[in-house]
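Chain by chain, the residues:
Protein chains: 2
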Amino acid sequence: MATETLRNEPPEYFAEVALSKAYRLLNHGPTVLVSAAHAGVSNVMAAAWAMPLDFSPPKVAVVIDKATATRALVEGAGGFVLNIPSKAIAAQVLGVGTDSAVSHPDKLARHGVTLFSPPGEALPLVHGCVGWLHCKLLPEPHNQQRYDLFLGEVIAAWADPRVFRDGHWEFASAPDSLRTLHYIAGGQFYVIGDSLKVDSGH
Amino acid sequence: MATETLRNEPPEYFAEVALSKAYRLLNHGPTVLVSAAHAGVSNVMAAAWAMPLDFSPPKVAVVIDKATATRALVEGAGGFVLNIPSKAIAAQVLGVGTDSAVSHPDKLARHGVTLFSPPGEALPLVHGCVGWLHCKLLPEPHNQQRYDLFLGEVIAAWADPRVFRDGHWEFASAPDSLRTLHYIAGGQFYVIGDSLKVDSGH
Numbered sequence: 210m211a212t213e214t215l216r217n218e219p220p221e222y223f224a225e226v227a228l229s230k231a232y233r234l235l236n237h238g239p240t241v242l243v244s245a246a247h248a249g250v251s252n253v254m255a256a257a258w259a260m261p262l263d264f265s266p267p268k269v270a271v272v273i274d275k276a277t278a279t280r281a282l283v284e285g286a287g288g289f290v291l292n293i294p295s296k297a298i299a300a301q302v303l304g305v306g307t308d309s310a311v312s313h314p315d316k317l318a319r320h321g322v323t324l325f326s327p328p329g330e331a332l333p334l335v336h337g338c339v340g341w342l343h344c345k346l347l348p349e350p351h352n353q354q355r356y357d358l359f360l361g362e363v364i365a366a367w368a369d370p371r372v373f374r375d376g377h378w379e380f381a382s383a384p385d386s387l388r389t390l391h392y393i394a395g396g397q398f399y400v401i402g403d404s405l406k407v408d409s410g411h
Numbered sequence: 210m211a212t213e214t215l216r217n218e219p220p221e222y223f224a225e226v227a228l229s230k231a232y233r234l235l236n237h238g239p240t241v242l243v244s245a246a247h248a249g250v251s252n253v254m255a256a257a258w259a260m261p262l263d264f265s266p267p268k269v270a271v272v273i274d275k276a277t278a279t280r281a282l283v284e285g286a287g288g289f290v291l292n293i294p295s296k297a298i299a300a301q302v303l304g305v306g307t308d309s310a311v312s313h314p315d316k317l318a319r320h321g322v323t324l325f326s327p328p329g330e331a332l333p334l335v336h337g338c339v340g341w342l343h344c345k346l347l348p349e350p351h352n353q354q355r356y357d358l359f360l361g362e363v364i365a366a367w368a369d370p371r372v373f374r375d376g377h378w379e380f381a382s383a384p385d386s387l388r389t390l391h392y393i394a395g396g397q398f399y400v401i402g403d404s405l406k407v408d409s410g411h
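Which chain is which? The protein sequence lines are A and B, in order.
Throughout, our numbering is defined as the position within the first sequence, counted from one, plus 209.
Throughout, our numbering is defined as the position within the second sequence, counted from one, plus 209.
Hints were generated in silico from the structure; no laboratory data involved.
Be careful, since some hints might not be right.
[Unchecked claim] Sample of chain B residues at the chain A side, in silico, Cβ under 10 Å:
hint, residue
1, 230
2, 235
3, 237
4, 392
These figures come from a predicted structure and were not determined experimentally.
All C-beta atoms, glycine included, are put in the ideal place defined by N, C-alpha and C.
Chain A on its own, in the form it takes in the complex (with noise of 0.2 Å):
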């Protein structure tokens, strides 16, 4: 966990995206960093599980086991945000994934996982990732309670401008270090591909 003030600045290469563009962010099912924060306490774990749920309002899913230290802080705030990795920081990803804030208070720091802020917010915005949806929790306790899954309506996003943009991702022209992650088992990710644009015939 980390007590950061959250002022830090945002970094070089950092846009908003329109709410009704931000569930592209997620679309292709990328593996996200989950981070929240409350009373001066803020936390970072890593998700595989997440999807789009609607398109307007933008809403979220996203399971949270019950045995992570940021569940705690997602309840307390009342919200969360979903950061995207890129390939960049993959050992970040894993370790923050790997490691509990339980058990290793200092695992933001030991893994080099910093945070920032979007400007004249306060929000737990992970640096290295390549989109952020900020996500304000539609509280279900059933959903959560039973199967670890909490519901979120996307009130703000950004993306970095050289691999997202008008609403596109375009890994080819970007760096290869800024693709997305996608996790399968035991540390190995795959990294998303090219690009394939299929004509419907209509």
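Add chain B to chain A, keeping to what the hints say.
Just chain B now, with coordinates in the frame of chain A:
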């Protein structure tokens, strides 16, 4: 929709997957085809919004819109199949994701989508896919009505052993046409890319 007897033979490359490894078919976030059969009628729809929900027993979550014809079949049958399509059938995925059987009752034939069953069963599995998860619906009327969110328990799973074996995707050693699809919007997919193995440092 289709009225096949669901008695077609499985493809040459078709092997059972242990239930303990079934989540890995879905863990990297592929776009899926949801199929269901009830009272002699089968249908198939595309869904980018699907994810694992639990390891043991394995569970999944998938969003199935009220406008789809498949939804009534899922509710009638009390179950569904998540089929994981490959690059080879990207045009069919876009086709069944664009047309509805409500307006195009012949949509499967129109897009060349054909079904088969595992030996000794009558299930609507889609040819050209590389993974299949047979799920029993876990009825959650509030989620279904309010969020179009359907939960299921995986009761059987299969994969194409050329590309998934011993519980692991093996995209690098398989034909490129067997890579999974990750939909964005407007007929654009990304195909899954290269493996990236990270040492956790523990």
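> What hints, given by number in increasing order, does this structure fail?
Replying inline: The structure breaks none of the hints.
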